[in-house]
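Asker: Sequence:
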Amino acid sequence: MVDDGKCWLCLRTTPFKILRVCHGLYEDPKLAREAGLRASQLLRDAYLRDPAKVGGRHSRVLIASAIYLVGVLDTRLRRTQWDVAVATNTAEPTIRECSRLIAEALGIPSRPVEWWKLERKQVR
Numbered sequence: 004m005v006d007d008g009k010c011w012l013c014l015r016t017t018p019f020k021i022l023r024v025c026h027g028l029y030e031d032p033k034l035a036r037e038a039g040l041r042a043s044q045l046l047r048d049a050y051l052r053d054p055a056k057v058g059g060r061h062s063r064v065l066i067a068s069a070i071y072l073v074g075v076l077d078t079r080l081r082r083t084q085w086d087v088a089v090a091t092n093t094a095e096p097t098i099r100e101c102s103r104l105i106a107e108a109l110g111i112p113s114r115p116v117e118w119w120k121l122e123r124k125q126v127r
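For the sequence shown, position 56 matches number 59 in this note's numbering, and the numbering has no gaps at all.
Do not rely on the hints blindly, as some may be mistaken.
Using C-beta positions, here's what the derived DEER-type ranges look like [claimed, not checked]:
1. 32 to 55: 15 to 25 Å
2. 58 to 32: 27 to 37 Å
3. 58 to 30: 32 to 42 Å
4. 15 to 100: 24 to 34 Å
5. 32 to 59: 24 to 34 Å
6. 79 to 55: 29 to 39 Å
7. 27 to 100: 16 to 26 Å
8. 62 to 107: 11 to 21 Å
9. 54 to 30: 14 to 24 Å
10. 63 to 107: 15 to 25 Å
Simulated pairs of lysine to aspartate or glutamate, EDC-like, Cα-Cα distance not exceeding 20 Å [claimed, not checked]:
11. 56 to 31
12. 20 to 86
13. 56 to 100
14. 20 to 31
Simulated from the structure, these hints should not be mistaken for laboratory data.
In this text, all values refer to a predicted model and were calculated from it rather than measured experimentally.
Where a beta carbon is used, it is the ideal one built from N, C-alpha and C, also for glycine.
Using the sequences plus the hints, can you model the full thing?
Answerer: This is the structure:
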């Protein structure tokens with residue numbers, strides 16, 4: 004931890020970086036801002052609860068996973084894994100794995116029904 008109240012992850016994965024990716028994913032700037040702020044809050048909460056789950060990951064993987072997880076939790080902000088992977092230059096399996104780790108750190112079930120429905124829609 005840094006003495007100024009910011010966690011190590013927040014210094015590495017800034018809200019600016021997250022918002023920049025979100026503005027590339029969402030056409031509506033208000034939705035992009037909401038998704039970016041939620042994703043940065045998810046990452047910060049996950050790091051503060053369990054630093055071992057999210058520490059040591061590349062910042063673009065963390066950003067992609069947090070944005071995908073925000074979309075899973077809120078249908079208005081939903082984007083497919085492929086869309087997020089292309090926007091962040093990350094592989095889809097990496098996003099799935101890291102989003103599960105973030106979900107575990109936050110106490111969200113690792114495989115809720117909505118995740119399976121979302122993954123089935125991508126295949127079709």
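Asker: Evaluate each hint against the coordinates.
Answerer: Consistency of the hints with the structure:
1. 32 to 55: 15 to 25 Å: At roughly 35 Å between Cβ atoms, residue 55 and residue 32 fall outside 15 to 25 Å, so the hint is violated.
2. 58 to 32: 27 to 37 Å: Holds: the Cβ-Cβ distance is about 31 Å, inside 27 to 37 Å.
3. 58 to 30: 32 to 42 Å: holds, 33 Å
4. 15 to 100: 24 to 34 Å: violated, 19 Å
5. 32 to 59: 24 to 34 Å: With Cβ atoms ~33 Å apart, the hint holds.
6. 79 to 55: 29 to 39 Å: holds, 32 Å
7. 27 to 100: 16 to 26 Å: holds, 23 Å
8. 62 to 107: 11 to 21 Å: holds, 20 Å
9. 54 to 30: 14 to 24 Å: The hinted range 14 to 24 Å is violated for residue 54 and residue 30, with Cβ atoms some 35 Å apart.
10. 63 to 107: 15 to 25 Å: At 20 Å between Cβs, range holds.
11. 56 to 31: It is violated: about 32 Å lies between the C-alpha atoms, which goes past 20 Å.
12. 20 to 86: holds, 17 Å
13. 56 to 100: holds, 11 Å
14. 20 to 31: Cα-Cα ~18 Å, so holds.
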